[in-house]
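Its first residue numbered 2, the sequence shown is counted upward by one per residue in this note's numbering.
Be careful, since some hints might not be right.
[Unchecked claim] In silico lysine-lysine, DSS-like type, Cα no more than 30 Å apart, as pairs:
(1) Lys355 / Lys300
(2) Lys77 / Lys183
(3) Lys80 / Lys370
(4) Lys162 / Lys191
(5) Lys332 / Lys183
(6) Lys191 / Lys340
(7) Lys137 / Lys355
(8) Lys396 / Lys355
[Said to hold, decoys possible] Taking CB as the label site, the calculated pair distances span:
(9) Glu372 / Ile323: 30 to 38 Å
(10) Asp138 / Gln399: 26 to 34 Å
(11) Tyr383 / Gly187: 23 to 31 Å
(12) Ala382 / Pro352: 41 to 49 Å
(13) Trp232 / Tyr384: 14 to 22 Å
(14) Asp222 / Tyr384: 20 to 28 Å
(15) Gly389 / Ala148: 35 to 43 Å
Because the hints were derived from the structure by calculation, they are not lab data.
All values derive from a computational prediction rather than experimental measurement.
For glycine and all other residues, C-beta sits at the position ideal for the given N, C-alpha and C.
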Amino acid sequence: MTSRLMSRLVMKTLDAMRVAKKSLLLSSQRFLSTAVYPDIRAQQLRRGAGGRSSFNGQVVTVFGGGGFVGRYVINKLAKTGTQVVVPFRGDFLDCQRLKCAGDLGQILFRHFHLKDAESVFRCVKYSTAVINLIGKDTETNNFSFRAVHEDGARLIAQMSKEAGVQRFVHLSAANASAQPQKRFLGRAAKWLQSKHAGEEAVREAFPSATIVRPTDIHGADDSFPHYFAHWQRRQLGRLPLIDGGFQTQKQPVFVGDVAQAIVNALSDDEAVGQLFEAFGPRRYTMRALVEYIQRIIQKTPEDGFNVTNIRWAPLLLARIFIFSNPKWLYKYPNVSFEKLEREAVSDVRTPGVKGIEELGVRLTPLEDKWEYNLMHWKRMAYYGEEVGEFPEIPKPPQIPL
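Generate coordinates for the entire structure from the input sequences, incorporating the hints supplied.
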């Protein structure tokens with residue numbers, strides 16, 4: 002009798018414990034599903050002492066992170082413990098290398114499409130800041146300059162505003178204007194016009210956005226000195242320039258300086274709603290820059306390589322025409338008439354607009370970078386030269402600022 006009573010007591014006790022455990026679990030789930038859980042912000046989850054293996058409480062979505070400027074921006078963000086969301090449209094293999102920029106779980110990837118508002122919103126809904134670096138040099142059947150630089154920028158800014166994003170940084174371009182200079186085609190460059198329209202679209206959708214206007218950006222695997230070193234830009238040992246390159250003035254800026262300016266703008270309260278122009282520290286004629294490139298890659302007049310006027314380059318113009326029409330024949334040509342128009346436009350500062358020096362950036366001269374970055378374009382790239390075997394390359398003459 003006693004043993005039977007004891008067994009019943011034990012069973013009732015176990016049943017009571019199961020009920021208590023279940024009720025406790027349900028109550029905890031209800032607690033987490035109430036307003037207490039959504040109120041947790043990323044800033045409250047900070048951990049670590051700083052660096053790539055830390056989390057500083059900031060979640061930043063970088064559109065265009067797989068591009069030239071994007072990888073520098075992501076590296077600088079990850080270095081400070083920022084969690085980065087990288088939206089991508091094509092193959093994940095094209096941007097998976099960016100995962101190495103941060104610690105495990107710090108670099109996240111999401112599929113999106115620039116014409117799909119819902120996919121864009123999913124990429125920004127948990128972010129404290131958004132950076133838009135998306136741009137293209139040539140138009141395709143699927144995306145025109147307007148679709149990318151204006152409509153795409155507007156959609157990203159609108160979705161960011163709707164998601165409650167605190168900071169928005171948009172990368173535009175120097176010389177962007179509704180009516181830019183006309184130098185070669187007899188009409189203004191559509192690329193520069195679309196960049197200007199993109200700025201207005203971003204301002205309309207996100208008034209407190211920070212806009213950065215860089216000049217031609219140079220760096221490893223860039224599209225400025227490498228563009229002039231490419232065979233498509235040449236004609237039979239000649240490198241033709243518009244007006245011989247004497248009438249065009251440029252101030253190229255280093256990609257690391259542009260990336261640092263973008264990262265600094267996220268934490269600078271005085272950058273909210275401001276426009277900054279990223280100009281290099283020194284000014285040159287296009288002729289001087291191209292001749293400097295020629296000397297670096299060992300294609301000098303003594304070797305039969307010369308810089309000439311593009312009016313005497315019919316084969317180059319014919320090749321550009323073939324590569325540009327129709328678009329399905331050669332989708333991403335290295336050279337196009339649009340690029341020729343842009344390369345002939347001189348860099349002009351906008352009066353009253355701040356430079357990225359105001360964001361705490363120390364500008365890097367191109368002479369410190371080009372000889373190394375163009376090393377693989379040398380005519381004798383695989384020759385192991387000795388120190389002092391070749392004469393020192395003279396620096397390009399500068400134009401006083």
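Here is what the structure says about each hint:
no.	hint	verdict
1	Lys355 / Lys300	violated (38 Å)
2	Lys77 / Lys183	violated (37 Å)
3	Lys80 / Lys370	holds (22 Å)
4	Lys162 / Lys191	holds (28 Å)
5	Lys332 / Lys183	holds (26 Å)
6	Lys191 / Lys340	holds (10 Å)
7	Lys137 / Lys355	holds (25 Å)
8	Lys396 / Lys355	holds (28 Å)
9	Glu372 / Ile323: 30 to 38 Å	holds (34 Å)
10	Asp138 / Gln399: 26 to 34 Å	holds (27 Å)
11	Tyr383 / Gly187: 23 to 31 Å	violated (44 Å)
12	Ala382 / Pro352: 41 to 49 Å	holds (44 Å)
13	Trp232 / Tyr384: 14 to 22 Å	holds (20 Å)
14	Asp222 / Tyr384: 20 to 28 Å	holds (22 Å)
15	Gly389 / Ala148: 35 to 43 Å	violated (53 Å)
Checked against the numbered hints listed earlier, the structure breaks hints 1, 2, 11 and 15; every other hint is satisfied.
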